[in-house]
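Full structure from sequences and hints, please.
Protein chains in written order, with the numbering used here: chain C, 69 to 336; chain F, 69 to 336; chain W, 344 to 629; chain H, 344 to 629.
Hints are not guaranteed to be accurate.
[Stated by the list, open to error] Here are some chain F residues the structure puts well away from chain H; computed CB gaps all over 12 angstroms:
(1) ASP151
(2) GLU158
(3) ALA177
(4) GLY243
(5) GLU274
(6) ALA325
[As the list claims (entries may be wrong)] Listed next, the in silico DSBU-like pairs over lysine-lysine satisfying Cα-Cα at most 30 angstroms (straight line):
(7) C/LYS230 to H/LYS492
(8) F/LYS133 to F/LYS254
(9) C/LYS304 to C/LYS230
(10) H/LYS476 to C/LYS230
(11) H/LYS492 to W/LYS476
(12) W/LYS476 to F/LYS221
(13) C/LYS254 to C/LYS298
(14) C/LYS225 to H/LYS476
(15) F/LYS254 to W/LYS626
(16) H/LYS588 to H/LYS387
(17) F/LYS133 to F/LYS326
(18) W/LYS492 to H/LYS476
(19) H/LYS492 to C/LYS254
Because the hints were derived from the structure by calculation, they are not lab data. In this text, a Cβ means the ideal position worked out from N, Cα and C, and glycines have one as well.
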Amino acid sequence: MTTPASPTLDFTATEIMTVAASRLLRDDTVCFVGIGLPSTAANLARLTHAPDVVLIYESGPIGAKPTVLPLSIGDGELALTADTVVSTPEIFRYWLQGGRIDVGFLGAAQVDRFANINTTVIGAYDSPKVRLPGAGGAPEIASQAKEVFIVLKQSTKAFVGKLPFITSAGYLDGGDARERAGIPGKGPTAVITDLGIMTPDPVTRELTLTSVHPGVTVDQVREATGWDLKVSPDLKTTAAPEPQELAALRDLQARTAKAHGQSGGGEG
Amino acid sequence: MTTPASPTLDFTATEIMTVAASRLLRDDTVCFVGIGLPSTAANLARLTHAPDVVLIYESGPIGAKPTVLPLSIGDGELALTADTVVSTPEIFRYWLQGGRIDVGFLGAAQVDRFANINTTVIGAYDSPKVRLPGAGGAPEIASQAKEVFIVLKQSTKAFVGKLPFITSAGYLDGGDARERAGIPGKGPTAVITDLGIMTPDPVTRELTLTSVHPGVTVDQVREATGWDLKVSPDLKTTAAPEPQELAALRDLQARTAKAHGQSGGGEG
Amino acid sequence: MAQITSLREAVSGLIQDGDTVALEGFTHLIPHAAGHEIVRQGKKDLTLVRMTPDLIYDQLIGMGCARKLIFSWGGNPGVGSLHRFRDAVENGWPHQLEIEEHSHSGMANAYVAGASNLPFALLRGYTGSDLPKVNPNIRFVECPFTGEKLAAIPSVRPDVTVIHAQKADRRGNVLLWGILGVQKEAVLAAKRAIVTVEEIVDALEAPANSCVLPRWAVSAVCHVPGGAYPSYAQGYTERDNRFYKAWDPVARSREGFTAWMERHVLGTEDFDGFRRVLAESQKETA
Amino acid sequence: MAQITSLREAVSGLIQDGDTVALEGFTHLIPHAAGHEIVRQGKKDLTLVRMTPDLIYDQLIGMGCARKLIFSWGGNPGVGSLHRFRDAVENGWPHQLEIEEHSHSGMANAYVAGASNLPFALLRGYTGSDLPKVNPNIRFVECPFTGEKLAAIPSVRPDVTVIHAQKADRRGNVLLWGILGVQKEAVLAAKRAIVTVEEIVDALEAPANSCVLPRWAVSAVCHVPGGAYPSYAQGYTERDNRFYKAWDPVARSREGFTAWMERHVLGTEDFDGFRRVLAESQKETA
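In structure tokens form, the structure reads like this:
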């Protein structure tokens, strides 16, 4: 449990991040789910407003409907509740590359102003300061899903002006760079954090703050961002979690903690 | 049932062809089986001297152990008795191209002196006199199985000096032409007919008569061949079918006739 | 997202004249009912794709539905020739038929490449065969690491794929088992997919790792029990080997074929009607 | 042809110093027992291949068995870093580790290409990523039909692949189910394959179209119940999530790691011994 988003609010910053992310998933959407926060948000969507969202995990389950959150990308719960389980090559070849994924739901270690993702290294590749886990499925999810949502906590370490390494493409140098590179999917249409929601400017594709969570100020978000964050003239405040959203999320996490002895997962 | 190989023998020409072909399959061999004569011979081997021969059909069954002969390459009996059934792409990609097939067992419409196979057209490709069914799995079976056996009835129509179309490679122009073309498998090591057995000369790779079936003369074989057939100085006579071989074959065909209302299959 | 609908509606709404259409099924689960419905609706100028164009394509070709055929083995399995296919290729009846000819391995790989959204399939194939001489769509590429020469053929990307399967649930999820052929790849390679099924059930009860096509990968599911006849659906129906043998004399002459198709297919409303009329005509000849 | 043998014999007879070895299993069915046996036998200079080098490779790398790592995601799933992997890459301890880094899609395709006996895998991938800048084994080829640029990477062709599966029969046929990962492809891409299994039964009773590896595609089958621990085998064991969390402090320091490996792995005869000693040490810390 993280600290409350504000002392006067009855939900935490992680909770509103998760709820805000979950709301972006529409029913009947086919979603390629990363483990950790994306998986929590996607399952919350399934348990609330999007009962027919289709969850695909890179380990092979198609149409997973876990009752507790998976701690790993290959939990048995995913296999047992799926419509079918195929091989990992089939997931990447027929389903992702095949163009059948509506939304890729990703976490990240770092993003830049054009929503490019780094999960490879901090520092130089050949002599890294910090060696991160690496690409996983993200480069092809980021390029081949019809659109991408990125969910991660906001800080100047995570939101950096220039990435040391682009693992997975967002809008590259911005503008039409992504299209010019021949990348098929629309790219990241939302970055959801514990402070707010950023979406790409329609022309420059630079991430722009379009919503702040209740109790969060624009200055807080800008301070947690490693570049001069643009703010939409039409800035909204994220609707607070509905009681049924919070209840569903907390139930899910309580079931998960009971089953696994911890709450749901980090990267991986 | 064909006519007896000789009035004094108690087996037919088709029976000795099938028995002779079956004897070439050793136990534990992994065999990619064409439908019709190859399938009959391969299953006879399995029911006699090679109980652990592994039969693979291009429709997907691996380790099929049919109790009656399949009439089509995709009979349910093959699926029900197999160790597993995979997709047709997997058969061609992982098992054949993957280099895991010891013997490809093929039929043919026509062969030439270098054991090349035609199953495509008689006459010109663009205005064929007879349009044959085509390649099926044979081009890649002929090139990628470690060795190939071809079984067909001998006649001047089937054994022709020059093929109108090479569907599947034997030894191409002979000598080391096959190796030079970069074809991995050893190629056809035996052609078994209702009259005898031909094997490639070790140097020229020209098919050479190395065994005649009991009651068949060399002249009969030469008359049924569309080129000047070479005869091995070491010519053998094929051992007559053993009673248990004949019994197993006839039982198999009787079971098949009872199950299907006809005896087992033609091409394809 | 799958609609559960009649076969007539599915064929009329999803298959257009000029489309590239794959009706797949490897001896098992051949979608014959759908083939008949295409004939009944008089679809034209189709590019038909199928590894083994057996009776189902003999009928479509003989009825003039096809402009082009992409295939790898065209025969009547266990019986002999496809006479309507031969008559089209040898004599241009009922009209010229363009053919693009591959090996099974080539076709299977082309479906895989199509399902994988790749423009071409890469395989070891066709070496020493004359097929590349007559098919300009068989080319060769070099491995950028080893320099080896490998065959390349265009992906198969049908406008519509049609298959027959054992089961669907009420939401349109499809399960098939036994001999699977290239059906999964054919469906996933296509823009639209029609699936006829033996039965529609409340729950698929699919074993682990079985071949399931989720409802959102399928356009229409049609309940057509026995719709593979004379092919079969494992667990439901048996292959009618006699029909395959009986087809040979029917298809030998243009007149015999046309009369048969008029009586059994054009003269019937649907596949149930076909089966009834077939039972009658079989009684007459018995 | 599969020999049913002890894991010690299989590792000693089939894995040589300098080999390229893939131990696969996607969170499910990770062959931890085999990893330990490789450590016990002090194998050296291995090129280790694995999509997700988690704890099993952290141990092999930390014990100095690996010369090179080919991978796509190296972390402790749900926990954080692999400290031994990081120490090797960041500080060259216990010695330099060469890395060849891909995406999951690249690795999965490279295994498929290996199983298919192709020299390279063809995929849509790596576009816009910096990975091609640091991995010269990511190249691009042109489609001979459309001119499109596609990624090409070398096939994975291990000398030995090691997996854990649920069942084998007495002849060595193997059945696995649930999350299959890339195991089938990894086995078929390899020259030799070792499979540890939960149980050996008289008959596999495999459902239609399930994932079976026939005995002639496997070199050795070893009966090692629980051999995936702390990973799991669906239907037999549960994943021990606590072990994954507990690994983090163990692996943080070189000394702690080395002491742990000496006590639990080098100091035990086999995986049963490891489980006994682990139970003791877990009691101590509880």
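Distal placement of F/ALA177 relative to chain H, Cβ over 12 angstroms: holds, 29 angstroms
Outside-interface status for F/ALA325 - nearest CB in chain H farther than 12 angstroms: holds, 28 angstroms
Please settle this one: F/ASP151 was flagged as non-interface, so is its CB more than 12 angstroms from every CB on chain H? It is violated; F/ASP151 is separated from chain H by about 6 angstroms at its closest Cβ, not greater than 12 angstroms.
Exclusion check [F/GLU274 not at the chain H interface, CB over 12 angstroms]: Non-interface label on F/GLU274 holds, nearest chain H Cβ at 30 angstroms vs cutoff 12 angstroms.
Compute the least Cβ-Cβ separation between F/GLU158 and chain H, then decide whether it is above 12 angstroms. violated, 9 angstroms
Between the alpha carbons of F/LYS133 and F/LYS254, is the straight-line distance 30 angstroms or under? Since the Cα atoms of F/LYS133 and F/LYS254 sit roughly 27 angstroms apart, the hinted pair holds (cutoff 30 angstroms).
Does F/LYS133 pair with F/LYS326 here, judged by a C-alpha cut-off of 30 angstroms? Holds - the C-alpha atoms of F/LYS326 and F/LYS133 are around 18 angstroms apart, at most 30 angstroms.
Within 30 angstroms, alpha carbon to alpha carbon, are F/LYS254 and W/LYS626? violated, 53 angstroms
Measure nothing beyond the straight line between the CA atoms of W/LYS492 and H/LYS476; if it is 30 angstroms or shorter, mark the hint as holding. Status holds; Cα separation ~26 angstroms.
Does the alpha-carbon distance linking W/LYS476 and F/LYS221 stay inside the 30 angstroms limit? Judged against 30 angstroms, a Cα distance of about 29 angstroms means the pair holds.
Mind checking the alpha carbons of C/LYS304 and C/LYS230 for me, to see if they're no more than 30 angstroms apart? Holds, at roughly 27 angstroms.
When you check the alpha-carbon spacing of H/LYS476 and C/LYS230, does it fall within 30 angstroms? holds, 17 angstroms
When held up to the earlier numbered hints, the structure conflicts with 1, 2, 15 and fits the remainder.
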